[in-house]
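A.B. asks: Protein chains in written order, with the numbering used here: chain A, 1 to 134; chain B, 1 to 186.
Wrong hints could be hidden among the right ones.
[What the hints assert, rightly or not] Calculated pairs, EDC-like style, for lysine to aspartate or glutamate (alpha carbon to alpha carbon, straight line, at most 20 Å):
no., chain 1, residue 1, chain 2, residue 2
1, B, K3, A, E46
2, A, K89, A, E73
3, B, K47, A, D20
4, B, K3, B, E73
Worth flagging that the hints you see were computed from the coordinates, not collected in a lab.
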Amino acid sequence: MINTALSSFGAQVVLATSSDENHPPENILDGKTETFWLSTGMFPQEFIIRFPDNMKVSLISVHSFNVKHLRIEKNTLEEADKFQVMAEKEFEQTENSLQTNDISVDGSHATHLRFLIISGYDHFVSVHKVSVEA
Amino acid sequence: MVKLRARCILVGDAAVGKSALSQMFRSDGAHFQKNYSMTAGVELLVKPVNIPETSDSVELYIYDSAGRETFAEACEKMWGQPSVVCVVFDISSLASFNSCSRWLQRVRAHCNGLQVPGVLVGNKSDLSSRREVEETTAQDWAQSQGLQYHETSAKEMENCDAPFLSLAQAFYTLYQERRQMIQTLG
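Modelling step: build the complete structure from the supplied sequences, incorporating the hints.
C.D. replies: This is the structure we're talking about:
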């Protein structure tokens, strides 16, 4: 039950398609739901998380707001390249609380996870926390 | 510093001056095409707009879409999910004004129920001697639809930036509202 996506474990966001400097993508990995990364218009949006090592991934939890269609891809390379689809999910809309979604995956290994937000329930979507269980 | 991106759908009847208007805006008034050439598909113009008194900007992706019905349906497929909408008519053509409601509905059908800021533009204000649509009539209708109204003359380089600046500002305001709302959730 190690949360390998926390920045304190050496995981980092290596790419994000949009950024408000008050809401940087690092906020996704700081383990808090109070801080968030906010998309700044148009879809799709994506961010890529790099792990310090090749990690086993069996459960991914996402705290977000107004995300509709999410696809998660992975690779096992040193570069953020050549991704394979790992999971795809349509989140339900929430009104006054964050969306909390647990996505079970096959327990295979990954060095990068790519989160592709294909659509949203609003122009802007936020991601507050991503955690990963081995 | 924030850099927003907005997909701006530009619609209206053929020959009301959508391309002239968007090209004047994009080129800061340097480019007015004297000879009419009909847009058959969608032309994409990109231009960043600074938000006054901030270091923030909105990059507008303007989808200049054919007004001719023959092409309109194919164009719709390229709109994706609109962020903002700009409906244009010609102040010397009542018919083009009457079409605005249909154009607006058409764009709104792609908005998945989202609040999409919009403007109504009465172009060709240089043709005021042949005016068929009174400013107050256009203003009233725009207001009833939640649109801001602007009159422009692409030919005389009159006010062409105004509609796009107001769209950028409205999108920016929407962003700030959402940001504040989300801040209360975590």
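A.B. asks: Look at each hint and say if it fits the structure.
C.D. replies: Evaluated hints:
Taking the CA atoms of K3 of chain B and E46 of chain A, the gap is about 16 Å. The hint holds against a cut of 20 Å. At roughly 12 Å between alpha-carbon atoms, K89 of chain A and E73 of chain A fall within 20 Å of each other, so this suggested pair holds. Proximity of K47 of chain B to D20 of chain A is assessed by CA-CA distance (about 19 Å); at most 20 Å being required, the pair is judged to hold. Taken as a hint, the K3 of chain B and E73 of chain B pair is broken in the structure, with Cα atoms around 32 Å apart against an allowance of 20 Å.
Hint check: a violation occurs at hint 4 only; the rest are consistent with the structure.
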